[in-house]
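With this note's numbering applied, the first sequence corresponds to residues 1 to 305, in that order.
Rather than coming from a laboratory, the hints here were simulated on the basis of the structure.
Honestly, I wouldn't trust all of these hints.
Taking lysine-lysine and the DSBU-like style, the derived pairs with C-alpha atoms no more than 30 Å apart in a straight line are [claimed, not checked]: (1) K148 with K135; (2) K301 with K7; (3) K286 with K186; (4) K177 with K193; (5) K193 with K53; (6) K185 with K301.
Distance windows between CB atoms, simulated [unchecked claim]: (7) F230 with P151: 39 to 49 Å; (8) N32 with N208: 29 to 39 Å; (9) T136 with S55: 40 to 50 Å; (10) N32 with H234: 41 to 51 Å; (11) Q160 with N282: 23 to 33 Å; (12) S56 with H234: 25 to 35 Å; (13) Q74 with N131: 30 to 40 Å.
Beta carbons: idealized from backbone N, C-alpha and C, even for Gly.
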Amino acid sequence: MLNNIEKKLIVIAGPTAIGKTDLAFQIAKQLNCAIISADSRQVFKETTIGTAKPSSAYLNEIPHYFINHVSIHQPYNAGLFGQEALNKINYLHQTNNYVIIVGGSGLYINAVLHGLDEFIEVPIQIRENLNATYKTHGLVYLQEQLKKLDPIYFKKIDIQNPQRMLRALEIITHTNKSYSSFLNKKQLQHPFKIQSYVLETDRENLYNRINVRVDCMINEGIVEEAQQLFQYKHCNALNTVGYKELFQYFDKNISIDQAILLIKQHTRQYAKRQITWFTHQNTFTKVLIDDAKKALELVVKQVNS
RNA sequence: GGUACCUUAGCUCAGUCGGUAGAGCAACAGACUGAAAAUCUGUGUGUCCCUGGUUCGAUUCCUGGAGGUACCA
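Put together the whole structure using the sequences plus the hints.
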C-alpha cells in the first residue's frame, strides 16, 4: 500500500543521437530496473541498423521492452503504444519500484504520460479510401468536408495539413460522430511518480554526433539492410530517415554519396523538430549530456532522493 | 585559336521590353491527440562576374576583360 508512493517512472527524452540509449542503460544498471523504449521505429523487428537500436550486449544485460515488438507489416501507432506501455509499466512496478522509459518519439511519450483520448480503431480500408479521395479531389475538398462535418474541429486544426484532416475525417466516417466529440480527455492519474529528463547539448556537438552516427550505420551495413527491405518500401514503417534516401539510391535517382549526405541532413532536421517538441514540454528537467558521468550521477541522485 | 551560349541567394536556376530582383532546395524558427524518424507552417538570405561607355537612371543595352560549357579547327 505504502509502496505505491515509491513507485517511479523515469523518463529520458531528447533528440536523436544525443546519447539517450547509453544514459538509460547506465541508469538501469544502477537502479537494477527495466527499460521501455518509446521509439516509433525501434518497435519494428526488421529495422535495426537504421534505427540505432541498443546493442545486443545492452539488450542481454538489461530487459528492454518495445524493441523488436512488432513487424513492419503490422500497423502500429501512438495510441497502441500508450496502452501497451502503461500496462507494461504497471506490471513491472509489481516487482520493482523503478521503470525507465527512454525515447525520442514525443507523441509516444505523451501518450504514456498524459494519455490520448479514446478513439475506436478505424479499419484500414477507410483510410485508404480517404487517401484516394484526397489524391483525386485535393486538399480543398477535404477542408470543405471537415468544415461541414465538424466545424468545431475545423477551426482548431491546421487545415493545411492533409494528415490531420484525413485523421479527423476517418474518425467521422467510421463513427458517424464528429471528431471533436471524442476530445474529452480526463487528467490521467498514475499510481506512480514521474521524473522526466530531456538531454541537451549545443547544436554543433549534436550535429557532429549525427554525422558520426550515420557514417557508423554505413559501416555496420545499413545499405544491405535497406536493400532487403526495398521490396516493402510502401510500408509506413519504412517512411523513415535512412531508409527512404537509400530507396532513392536503389531507384537510381541519386548516388550513394548523395544519399548519405541527405540522411545526415534529414536527421539534423528531425533532431531540430524533436528539440522544438521537448523544449515546449515544460515538465522536463534539462540535463546537459556533455559530461556523461555527471549526467548519470545527477539523475540517479534525484531518483533516489 | 575561331564561333555560339552561359556567369543572379549557401546550391540549382527564373526574371527584369532600362526604374537595384524572385522560385525550389538548404539554413533558421514554429505547430502537431493513433502515419509522429510522419505531416504541416513561417522567415530572410544578394557588389545580379569585373571594367569602361550610352542614359536622369544599367543587373538588364554596347565595348573590352576574366571564368565556364558546347561545337568547329
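Outcome of the hint check:
1. Pair hint K148 plus K135 holds up; C-alpha atoms about 20 Å apart against a cutoff of 30 Å.
2. In summary, the hint linking K301 to K7 is supported, as the alpha carbons are separated by about 16 Å, within the 30 Å threshold.
3. Between K286 and K186, the direct Cα distance comes to roughly 28 Å. Compliance with the 30 Å bound is thereby established for this hinted pair.
4. At most 30 Å may separate the alpha-carbon atoms for a hinted pair to count; K177 and K193 exceed this at roughly 36 Å.
5. Between the alpha carbons of K193 and K53 the distance comes to roughly 27 Å, so the proposed pair stays at or under 30 Å and holds.
6. Restraint check for K185 and K301: not satisfied, since their Cα atoms lie roughly 34 Å apart, outside the 30 Å limit.
7. Against the hinted window of 39 to 49 Å, the Cβ-Cβ separation of F230 and P151 comes to about 44 Å, which satisfies the hint.
8. Checking the proposed 29 to 39 Å range against N32 and N208 shows it holds: the Cβ atoms sit about 33 Å from each other.
9. Checked against the hint of 40 to 50 Å, the pair T136 and S55 passes, with Cβ atoms roughly 47 Å apart.
10. For N32 paired with H234, a C-beta distance near 43 Å keeps the hint of 41 to 51 Å intact.
11. Between Q160 and N282 the C-beta distance comes to about 27 Å, which sits within the given range of 23 to 33 Å.
12. For the hinted restraint 25 to 35 Å between S56 and H234, the CB-CB distance of approximately 30 Å keeps it satisfied.
13. For Q74 and N131, the Cβ-Cβ distance of about 19 Å falls outside the hinted range of 30 to 40 Å, so the restraint is violated.
Of the numbered hints stated above, those contradicted by the structure are hints 4, 6 and 13, listed in ascending order.
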